[in-house]
Amino acid sequence: MTLFLLSAGLTIIFGLMKIVNLAHGSLYMIGAYIGLSIWTISTSFWLALILAPLFTALIGYLLYQVLFRHIQIADPMRQVLLTFGLIYIGLDSVRLFWGTMSHSISAPNILSNSIIVLGESYPSYRLFVIFIGILIAALLYIFLEKTKIGAKVRASVDDPEMAKLLRIDTDKILIYMFALGCGLAGLAGITVAPILGVEPGMDMEVLVLTLIVVVVGGPGSLKGALIGSLLIGFVDSYGKVYIPEIAQIIIYAVMAVTLLLKPNGLYGR
Amino acid sequence: MISFLFRYFKLLITLPFLFCVANANDKNIIKIGTLLPYSGVYTVLGEEITNAMKLAFEEQEDIFDKKIEVIRGDTEVKPNIALQKARKLISSDKVDILVGPVSSSVALAIRDVVVQTKTPLIIPNAGANVLTREKCSKFITRISFSNHQINAPMGTWMANQGIKTAFLLAPDYAAGKEMMSAFRDNFEAGGGSILGEEYTPFRKTKDFGPYLARIKNSGAEALYVFYAGGEAINFIKQAHSFGLGDIMKITGAGWTTSPLFLPAQKDAALGFIGSLNYVPSIDSVENNNFKKAYIDKYDRVPSEFAVQGYDTGKVIIEAVKSLSGDISNKEKLASAINNISVTGPRGPLTIDKKSNNVIQNIYIFEVVSGDNIPELKILDTIQAVKDPGSGCNL
Amino acid sequence: MDYMEDKMKAVNYNPRLRLHLFIVLVVSALISIFFGGYFTRFFIAEIAILSIFAMSLDFLAARGGLVSLGHAMFLGIGAYSTTIFILNLGISPFIATILSLLIGCFIGLLISYFIVVLNGIFFIMVTLALGEMFHAWVFTSELLGGSDGISGIIRPDISFMGIDMNDPFIFAIYSLLWMSLIYFILSRITDSPLGRNLDALRQNHMRLSAIGGYAKVYKIIAFTISSGVASIAGSLYVQLNGFISPELTHWTVSGEGLIMIIVGGIGSISGAILGASVVYILQHELSNFISWWMLIVGLLFILVVLFMQDGLWGLIEKLRLRLLKGKNKI
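Chains as they are written, first to last, in my numbering: chain A, 1 to 269; chain B, 1001 to 1394; chain C, 2001 to 2330.
Heads up, some of the hints might be wrong.
Now the stretches of chain A that chain C is said to cover, found in silico as 3 or more residues with beta-carbon under 8 Å [to be verified]:
| hint | segment |
| --- | --- |
| 1 | 92-101 |
| 2 | 206-216 |
In silico negatives: residues of chain C with every beta carbon more than 10 Å from chain B [what the hints assert, rightly or not]:
| hint | residue |
| --- | --- |
| 3 | 2093 |
| 4 | 2140 |
| 5 | 2187 |
| 6 | 2188 |
| 7 | 2189 |
| 8 | 2196 |
| 9 | 2199 |
| 10 | 2287 |
In short, the hints are calculated from the structure, not lab data. Just so it is clear, CB atoms sit at the ideal spot from N, CA and C, and this is done for glycine as well.
Next up, chain A with everything else stripped away, as it sits in the complex (with noise of 0.2 Å):
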């Protein structure tokens, strides 16, 4: 479910700028480390999930305002250089306010316990991450197919000539999209870190998973983040275990027969 968040944002930063986001894994990981230095001064878990995603989408508004509205036009590789760059800074910031050393994030006292689901005892805490996942998915459906602004960000994507004659500020709306995906990477740091822990370096590991769900998912489909990170997610965690063989490199089977298939992706336009 962390990989739909990230690549539900990844997504519609991909989707709808054309955009490469190769720092979106920074991004994860700098909400991770905001909602920890917010959980240690406030001690409540349910502030940092809430305040974390506001600074990462904050951050991801300068971004753009300082950065991709100069290259959106431009090439990708401009643009995967620019976000390659980023990737470094990220790195060395977070070390510079937040060292070097592992963290981790206790989940608050409710959902710390273990529950019986199905006759198999299951930490409540995931229940939560997964429930989390399915009220994002939900939200950002309604929010993009059913609301009048849902209608106007679609029309930006699908014909941003088009869009502009009729007066939709496209350039606002982008920069609000690109911030609410920024927002949903810093939302899944800060939901999997009681989890998985706060660390330098778990930009990495999450980037090419990411960009791996898009791909097979198409990209610009909020359907398609869904339904292929729930497959990579699904192919990763059990794949593995039970064909160790080939654990290094089924996920990039997937996407491989995946593309041969349809090579914009399960659902790309």
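Following the hints, complete the assembly by docking chains B and C onto the known chain A.
Below, chains B and C without anything else, positioned relative to chain A:
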């Protein structure tokens, strides 16, 4: 046209001279070059080792009027970068002794250049067995451990405790496999049997759920595990929330619950039994002094990595002393290092003449609850453990 | 991705300046080799090899219009195949380099057949994923030494000619020779009808679709040549260092390669060499002094991407024009 050429030329000709600057070789300075990670994900280990080594040097004002200078080489945990830094430290900075590295792949990369240039290398961490076996050298001294050395005693110890069956779990890379096979050999020799084993993709495993299910169902009495860094934290927390500890004993290589990770693992680590070459709870004068000095200076509890760095510093000082400060002959310096025996925070250390790997005590510990963060309580001490050092011709 | 084609129109094509820059770079490298010490010679050899890698990316980006984030895979293919040829099969290192070139070309051909149809961003992502797949495989492969890599790889033995390859001086020259050879070959291809066609195709999207299938063929050719060149770089790299480990195949290596050509100026070939030298020297020097060098390097990357469209090449070209003008007045 020629004039343009000349213009570019002037610009570029300055570049080479950046590298030609030869350092004056001051006789009164002992130059120690470090090859440790100062950037990237293993930075914390590089810092711990360097900090503690400097602490050792600071305690010693000067040796025979010589000052010790530490020149840092950042390996970035990339073998090719490390190799290039090794060449720089050896040929441009003209260091007397190299200290490093943290990871085994880096150690293997720089091994040949160190031996060819006859520069004494002290390894303060990297554990690959071959470094003091087939790839051993009189210029390479390992003050830390070999992967075998830490894990093998645990196999014997657990078999002696009456544990009959175990399940192995480690990341899928060279060190993970070496540790598991060392444990397996001794555990089986002691009468135990391995019911199953899993190797998880290195640094790519976040969800241990499926593995935990498998381990639960294996029916083994104990799990023997090795993880480090974020994976160690995740694994311990996930195993705890799945209630694995209620079914079987969770044991493993001691790094899994290193003092570096305990603040993050907290009570989830309680009950873990591991083996390591140092635990902070060792009650000796050396260790208590060291702990106090380290906490005073760096404001955190030293880890086994810090101790390895500190002992490296001590060994260097003793070696220089034993040569009365004359370190101009590198072969003599290397052999002086290999003849040192010191008592450091982790107990008495000597160098095995057969392989140049350290001979040291291995501590079997259990994680128990402490004031704020859990502590490591020593259950057993296995004296003077050696690496078999097979395949080494010194 | 039409905009990609549009934006890459400004290819730095200027054979004369290219040659001049190349000569200057080689001469300064030679001076460093002659006057530098042990370390400098190794360093120059390393830069020469990285330049070969950068040139392969440059060729692919400028002639094929393809940006690959998985090119380190070919570096790895060259490196590992050379290792196996030398250590397991006892083939002489020089022939091993040639063989690994062929293997690199073949695998490049195979892969490109499937992936060149993908457009801009997709191509980047897929190459990234392929590269990571290779990295993951190498990392656990027992045959290839796994995470610890393989060491003890030897260099070409030409002692019968009275030359000792283990002397860093000789090996630096040897690497420079390879670099020059590849420079001339890539320059020839670029100037040839094939190269001009590639350029024309990339710049003109309409014509590209008009001749349909041929575009794909051209892209495949560009990708194959580029993979072969990257394999040579990999092959030389193991001979230089005497060891190979999976880190060489990580996707960030490809990313750094792309940064090198952006800094140097895409499409100019000798700009790739310049970029490789500048980026590598910068990284090396910075990391000796400050531990947070990544922050600075990252910032510089961003500045170059934002403000220097044609990299250092563009700067030199402008400078040269100004000088020319000044001269004409007199």
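Structure-based check of all given hints:
Counting residues of the segment 92-101 of chain A whose beta carbon lies closer than 8 Å to any beta carbon of chain C gives 4, which meets the minimum of three for the stated coverage. Here's how the segment 206-216 of chain A fares: 5 of its residues keep a CB closer than 8 Å to some CB of chain C, so the rule of at least three is met and the hint holds. With a closest Cβ-Cβ approach of about 16 Å to chain B, residue 2093 of chain C is found to remain outside the 10 Å limit, as its non-interface label requires. The beta carbon of residue 2140 of chain C sits about 5 Å from the closest Cβ of chain B, which is not more than 10 Å, so the claim that it is off the interface is violated.
The Cβ of residue 2187 of chain C sits about 18 Å from the closest Cβ of chain B, beyond the 10 Å cut-off, so the non-interface label holds. Taking the minimum C-beta to C-beta distance to chain B, about 22 Å, the non-interface status of residue 2188 of chain C holds against the 10 Å cut. For residue 2189 of chain C, the non-interface assignment is confirmed: its Cβ lies about 25 Å from the closest Cβ of chain B, beyond the 10 Å cut-off. Listed as a non-interface residue, residue 2196 of chain C keeps its Cβ farther than 10 Å from every Cβ of chain B; the least gap is roughly 25 Å.
In this structure residue 2199 of chain C is separated from chain B by more than 10 Å, as the shortest Cβ-Cβ distance comes to about 26 Å. Non-interface call for residue 2287 of chain C relative to chain B: violated, since the shortest CB-CB distance, roughly 5 Å, does not exceed 10 Å.
Figure legend: structure checked against the earlier numbered hints; hints not met, in rising order: 4 and 10.
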